[in-house]
Amino acid sequence: GAGVSQSPSNKVTEKGKDVELRCDPISGHTALYWYRQSLGQGLEFLIYFQGNSAPDKSGLPSDRFSAERTGGSVSTLTIQRTQQEDSAVYLCASSTDRGYNEQFFGPGTRLTVL
Amino acid sequence: AQSVSQHNHHVILSEAASLELGCNYSYGGTVNLFWYVQYPGQHLQLLLKYFSGDPLVKGIKGFEAEFIKSKFSFNLRKPSVQWSDTAEYFCAVNARYSSASKIIFGSGTRLSIRP
Numbered sequence: 001g002a003g004v005s006q007s008p009s010n011k012v013t014e015k016g017k018d019v020e021l022r023c024d025p026i027s028g029h030t031a032l033y034w035y036r037q038s039l040g041q042g043l044e045f046l047i048y049f050q051g052n053s054a055p056d057k058s059g060l061p062s063d064r065f066s067a068e069r070t071g072g073s074v075s076t077l078t079i080q081r082t083q084q085e086d087s088a089v090y091l092c093a094s095s096t097d098r099g100y101n102e103q104f105f106g107p108g109t110r111l112t113v114l
Numbered sequence: 001a002q003s004v005s006q007h008n009h010h011v012i013l014s015e016a017a018s019l020e021l022g023c024n025y026s027y028g029g030t031v032n033l034f035w036y037v038q039y040p041g042q043h044l045q046l047l048l049k050y051f052s053g054d055p056l057v058k059g060i061k062g063f064e065a066e067f068i069k070s071k072f073s074f075n076l077r078k079p080s081v082q083w084s085d086t087a088e089y090f091c092a093v094n095a096r097y098s099s100a101s102k103i104i105f106g107s108g109t110r111l112s113i114r115p
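From first to last, the protein sequence lines are chains A and B.
Going by this note's numbering, 78 is the number at position 78 of the first sequence; the sequence numbering is gapless.
Going by this note's numbering, 11 is the number at position 11 of the second sequence; the sequence numbering is gapless.
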């Protein structure tokens, strides 16, 4: 079956521009996560959606970052006024139930801010 | 809040050597524990997980991990590594029974195997 998909796979943008990254989770998965993976920094938690509950936004690094999940399925991560330090691979993962089950990861979006 | 520490950032071994990657977590309650692996150019995938029961957990490709509650540890082991085990390994923890508990990852350990 289809796994988690993310688009675009690569995004190059200029400093100061806004970008939108998309995640399509596995159908039926109620939990959805966004992470940022920078070279040598491991996986940095950004935001977590679980069903209809209010999202856990505690990992968002600044108010330039926001995310939404429409209809409990597709999620969009938006970065406004991008900075060079935003350059990283942005990973999305989904899982069933309360999120303590196995997470299935997408291929990521590599963001480069010039 | 929970946190995860992986103290080995880069481990280099020869084929057939034994492997142990350290993972310590910080959380006072009951936890679920995971090891994920990211092979070069591939997605992150689950290697093994511990929820309850036998603290010695066996995963794919001959890996195992032991949960030692008193040490807040969940170290990953493999008796004899292969060149194909070259990858980055991430330990993760989740607080069980928390109403909206996220999964937190460690910073990862890069494993390089010399053929």
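Everything labelled a hint here was simulated from the structure, so no lab data went into it.
Mixed in with the good hints, there may be bad ones.
[Said to hold, decoys possible] Label-pair distances were calculated between CB atoms; the ranges are:
| # | chain 1 | residue 1 | chain 2 | residue 2 | range |
| --- | --- | --- | --- | --- | --- |
| 1 | A | N52 | B | S107 | 25 to 35 Å |
| 2 | A | K57 | B | R114 | 36 to 46 Å |
| 3 | B | S26 | A | D63 | 25 to 35 Å |
| 4 | B | S18 | A | Q41 | 24 to 34 Å |
| 5 | B | G62 | A | Q41 | 21 to 31 Å |
| 6 | B | G62 | A | G28 | 28 to 38 Å |
| 7 | B | S70 | A | Q80 | 18 to 28 Å |
[What the hints assert, rightly or not] Stretch by stretch, here's where chain A covers chain B in the computed footprint (C-beta under 8 Å, at least three residues):
| # | region |
| --- | --- |
| 8 | 11-20 |
| 9 | 44-50 |
The structure displayed is predicted, hence computed values, not measured ones.
Here a beta-carbon is modelled for each residue, glycine too, at the ideal position from N, C-alpha and C.
Now for the hints, and whether the structure bears them out:
no.: 1; hint: A:N52 with B:S107: 25 to 35 Å; verdict: holds (32 Å)
no.: 2; hint: A:K57 with B:R114: 36 to 46 Å; verdict: holds (43 Å)
no.: 3; hint: B:S26 with A:D63: 25 to 35 Å; verdict: holds (28 Å)
no.: 4; hint: B:S18 with A:Q41: 24 to 34 Å; verdict: holds (28 Å)
no.: 5; hint: B:G62 with A:Q41: 21 to 31 Å; verdict: holds (29 Å)
no.: 6; hint: B:G62 with A:G28: 28 to 38 Å; verdict: holds (32 Å)
no.: 7; hint: B:S70 with A:Q80: 18 to 28 Å; verdict: violated (46 Å)
no.: 8; hint: 11-20; verdict: violated (count 0)
no.: 9; hint: 44-50; verdict: holds (count 4)
The structure is inconsistent with the numbered hints 7 and 8, although it conforms to all the rest.
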